[in-house]
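*Asks:* Sequence:
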Amino acid sequence: REGLNDEGVCILSASLMVIDDEKEVKEPNKSHSEDGDRISEALKLPTVSEAVKYLIKTKLTGNTIVFDKENMVLLEASNREGDDGSKEFVFTVKTIPKTETLVRTNHGIDLDWAGYQKGNNDNETLSRKSSDSRMKLAQKAVDEAKSPQAVLDLLCKKYVDDPQMNPLRTTTAAKKM
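Numbering follows the numbering used here, in which position 12 of the sequence shown is assigned residue number 125; successive positions increment by one, without gaps.
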């Protein structure tokens, strides 16, 4: 999920609940994630600050980067399930200095309990391993790159044989991205 508006506000978001995204692919007319709608509405706003406030107000979950030419903000948010089955929206907001790079995939960093976790079940453990691998390799690519084009080229590089562990996943196998 991403977008750019006329004011130069950009939004990139990595889902922490990828199963919701996969439902949209499997059942495009039956299932609809509201995250894309939230991002579209936030992109109607003229500033990074207003977009972040809107995404919090509408409870967008995920690792979301909102930025423009001068500002970058990371919104990490998820729903935490209580013992009684209730859900609480929990989030952190960080301003990222221009001197830093930022990489996120499908697991929480500040909310380390969010997204894919190891040990819940074999599929989720494998998904977390993929999320960790892709994050590490993407950070390496960003750190090594000398230009925006080099970032893209390095993100498309095959680093390991298992296509699920690379930043760009190109397998056509069933249930793989």
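Hints in this document: simulated from the structure, not taken from any laboratory.
Careful, some of the hints might be misleading.
Said to hold, decoys possible - Calculated pairs, DSS-like style, for lysine-lysine (alpha carbon to alpha carbon, straight line, at most 25 Å):
1) LYS182 x LYS200
2) LYS271 x LYS253
3) LYS207 x LYS166
4) LYS207 x LYS253
5) LYS182 x LYS231
6) LYS207 x LYS249
What the hints assert, rightly or not - FRET-style restraints, in silico, Cβ to Cβ:
7) ASP197 x ASP225: 21 to 27 Å
8) ILE169 x LYS270: 34 to 40 Å
9) LYS172 x PRO210: 23 to 29 Å
10) LYS253 x ASP196: 25 to 31 Å
11) GLU257 x ASP196: 30 to 36 Å
12) LYS231 x LEU265: 39 to 45 Å
13) LYS270 x ASP196: 42 to 48 Å
14) ASN233 x TYR272: 40 to 46 Å
15) ASP245 x LEU265: 17 to 23 Å
Predicted model, so just to flag it, every value in this text is computed and none were measured.
Idealized CB from N, CA, C, for every residue including glycine.
*Asks:* Go through the numbered hints given earlier and state which of them the structure violates, listing their numbers in rising order.
*Replies:* 1, 5, 10, 11, 12 and 14
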